[in-house]
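Read off the chains here:
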Amino acid sequence: MRYSTALVFRTLVLWTVLEILAAWQVRSPAGTPVLFSWMRSVAGPVISTVEWAGALSGDIGVGLSDFERVLADNQKMRLQLEELRARHMLLQEDLGALREASVLVETSANFQTGSVVARCTYRDLGAGTMEVRTADKILIPRDAPVVGAEGLLGRVVRSEGRRHWLQLLTHAAAAVAVQTVDGDVQGLALGTGGSHLTIAYVPRQANLERGGVLMTSGGDGIFPPGIPTARIVRVRESDDPFLEVRAISSADLRATRSVLILSRWAAKDGGD
Amino acid sequence: MRARMIGLAVLTLVAQRLLGTPGLPMWPSEIVLPTVWIVAASLRSRELRWPYEALLLGLGWDLFLEPVVGPGGIAWTAAALCLHALASFVADRSSKAWAAFGVVGALVVTIVHQLALLPFGLATSMTVPHLARTALFSGLWCGLVSAVLALDLPKRWRAYRVRKLR
Chain A
227 MRYSTALVFR TLVLWTVLEI LAAWQVRSPA GTPVLFSWMR SVAGPVISTV
277 EWAGALSGDI GVGLSDFERV LADNQKMRLQ LEELRARHML LQEDLGALRE
327 ASVLVETSAN FQTGSVVARC TYRDLGAGTM EVRTADKILI PRDAPVVGAE
377 GLLGRVVRSE GRRHWLQLLT HAAAAVAVQT VDGDVQGLAL GTGGSHLTIA
427 YVPRQANLER GGVLMTSGGD GIFPPGIPTA RIVRVRESDD PFLEVRAISS
477 ADLRATRSVL ILSRWAAKDG GD
Chain B
3 MRARMIGLAV LTLVAQRLLG TPGLPMWPSE IVLPTVWIVA ASLRSRELRW
53 PYEALLLGLG WDLFLEPVVG PGGIAWTAAA LCLHALASFV ADRSSKAWAA
103 FGVVGALVVT IVHQLALLPF GLATSMTVPH LARTALFSGL WCGLVSAVLA
153 LDLPKRWRAY RVRKLR
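Residue numbers (our numbering), protein chains in the order written: chain A, 227 to 498; chain B, 3 to 168.
Think of the hints as simulated: they come from the structure by calculation, not from any bench.
Remember, predicted model here, so these are calculated numbers, not experimental data.
We put the CB at the ideal spot given by N, CA and C, even for glycine.
Take the hints with a grain of salt, since some may be wrong.
Said to hold, decoys possible - Using C-beta positions, here's what the derived DEER-type ranges look like:
#1 B:ASP94 to A:TRP250: 34 to 44 Å
#2 A:GLU277 to B:ALA5: 50 to 60 Å
#3 A:PHE262 to B:ILE113: 22 to 32 Å
#4 A:ARG236 to B:LEU117: 38 to 48 Å
#5 A:VAL272 to B:PRO27: 47 to 57 Å
#6 A:SER254 to B:HIS132: 44 to 54 Å
#7 B:PRO27 to A:PHE262: 33 to 43 Å
#8 B:PRO27 to A:TRP250: 58 to 68 Å
#9 A:PHE262 to B:ARG158: 52 to 62 Å
#10 A:VAL272 to B:VAL150: 56 to 66 Å
#11 A:ARG236 to B:LEU142: 45 to 55 Å
#12 B:ALA5 to A:ALA279: 55 to 65 Å
What the hints assert, rightly or not - Looking from chain B toward chain A, a few residues come up when the C-beta cut is under 10 Å (computed):
#13 TYR54
#14 ASP64
#15 ILE76
#16 HIS86
#17 GLY123
Chain B on its own, in the form it takes in the complex (with noise of 0.2 Å):
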């Protein structure tokens, strides 16, 4: 389970990679895919320890993406603390609830990466638009999965081959 999840985690900072692709339209690559991990640990785990594995998806961010790691670790577990404070109150999981998450998520780590790069003059320019396309479309991807996953496409998948075989 825990292979299964590390993989799922690789792939999806893959996937970010392949967004910002050269060719594909920039919306893409403003879209933080991993916040979905910190919001669904948020939301649904109830284990302690995953601000630490925050860290090891920041820091695998770091590598995949940055051209220094360390700052990314911070900005992610920065997230997930923030995250499961805010879980602590909110007591919706919808996928209203994930999508709000994701906003916030997407948030706190562009703005502390790029305080934690501040240091080094690394930091990027940051725009409100930048930041507000980035807290929204990875909003919705959180919501998304949110929604896919209320649809539990395994029970549905295995309903219909019963149906079919009778």
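Okay, chain A solo, but in the shape it has when bound (with noise of 0.2 Å):
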């Protein structure tokens, strides 16, 4: 048994080697040993193997650049949504601005000739100081009053190119003159470096109803009549002989954001 398989393995051997040495005595068409037909043919299988290998790394070192360009892309792409988002918050932030800067010129007519717009930058309602902006390089006089879209500010006490700066009702110096919207009481609006107002003088005997509105009187000298101020949160009796009477500003000064500067009002003016 061991003898027939050696046998058959060497005939099969031999084999190959006649029928090799047979192609190499046969001649294709082309001129050349069938032999080396046969050789390309094997070859061929493994040189395409070659190429193939060669061109899946060429592949994948184009699939790794174009990745890494992907993710340099994909990292760029996502700072300009950043950048675009804060864009749409400004200008989101500048449309509400412009949608309240038009309702206040519509609320002011009066105080339109002389006016300037600005937009509020900074506050500090704690110390009771708002930093407002104009577009244009103006000289605002000093206080000068400014008004929200609901009602008054405070006044301006510095002004520099285009920055100004404003002392709130809040301020824990500020006083406005006020009355009731009929002008029956009067009293004087103190600001208390909190988040509401004082109102003092006010006579034990006057009407006052909790929230009511106080308008600006004139009688500071400063502020221009007729002006919401503020909103009467409490009335109490005290020892004193005049009314205890709490109120917050009419105007939001969390959340304002377009003011209007009356730069050209004066006293003497006669607050029309």
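From the two separate chains plus the hints, produce the assembled complex.
Take a look at the structure:
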């Protein structure tokens, strides 16, 4: 059995050698030995495989570089998206400010002449100050009244180019002469350094109700009369000869974005 | 002895070539004369190297008769292996067995040779009648050789000479 196996194996090897020998003798139409064609046929798949592997590695390289480029583009687009979101927020803020300014101008028709629209850029409600900016460089007179869409905000205390600093109603040193809408009751709105105002010098017999609106009376010589200033939140009697009245600013000092500076207002103009 | 065998084998190949001489009928060239060598080797020889001697016979066949050297070696070793395997099953060693082995050997040689030539585009058209005639004539040739060997002519010749000298 072992001999037969060896015999068959050796015979097969012998036949292969003989076939190769014959292939070396026979010429193909191109004039080369058929053996070369066979070798090319055997080597062809190997060469194709090598070429395929080369192409594959090239494709992988291109894919990796593309992937890196995509990552870089993705990062870039993410940054652009963040920038667009920031711009969107700014535009929303600008739009809100413009709407507010529009309302402000409509509701303050009497003050349009010589009035300047400004944009709130900074505020410190605890300190009772606010910084606003105008579009152009302009010198605002000190103590010029500043109103918002919902009411009086305060007065200008410093002006420099486009930047103007306000003293809000809630400032501890602020004081505004106020009266009821019908003008029967008058008082002085004093800033407390907090979020509310104290209405001083209101007689005990005054008829005040919670929620009532107080307007500027013009008696202080700084603010024009008729501007909504405060809304009463508490009325209390005390041992003093005056009522203890607490109010809050009519204007929302936290949310105000656009203001109107009455730069040419002077008490002597009569407040109209 | 070996040199004489080689000489006879070469003589067989030369005779095979002569059988294809132009002008002769077609059927003599269809006899595969060297088949008798592998038939005799498979039925009479006990040596195990004879398939390789068939290879030499096939290469000689290629040198004498074929355009390419190699396929003949494959064909003749294949036929030798076939007959070797067949001889291990068949116990008969008569002239009929020689004829049958000749048929098988001629068929294997012809078919395998054509198959070996196939990759080179050199294979000829092989028809069943041609194959049948080749197998038949080669078998008859082998049977004839067996019958002649069975007659033991040298022994008869020596007996005749002895009788005549008396």
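Status of each hint after checking the structure:
no.	hint	result
1	B:ASP94 to A:TRP250: 34 to 44 Å	43 Å, holds
2	A:GLU277 to B:ALA5: 50 to 60 Å	58 Å, holds
3	A:PHE262 to B:ILE113: 22 to 32 Å	28 Å, holds
4	A:ARG236 to B:LEU117: 38 to 48 Å	20 Å, violated
5	A:VAL272 to B:PRO27: 47 to 57 Å	53 Å, holds
6	A:SER254 to B:HIS132: 44 to 54 Å	28 Å, violated
7	B:PRO27 to A:PHE262: 33 to 43 Å	42 Å, holds
8	B:PRO27 to A:TRP250: 58 to 68 Å	37 Å, violated
9	A:PHE262 to B:ARG158: 52 to 62 Å	59 Å, holds
10	A:VAL272 to B:VAL150: 56 to 66 Å	58 Å, holds
11	A:ARG236 to B:LEU142: 45 to 55 Å	33 Å, violated
12	B:ALA5 to A:ALA279: 55 to 65 Å	59 Å, holds
13	TYR54	8 Å, holds
14	ASP64	8 Å, holds
15	ILE76	5 Å, holds
16	HIS86	9 Å, holds
17	GLY123	8 Å, holds
Of the numbered hints given earlier, the model fails hints 4, 6, 8, 11; all others are met.
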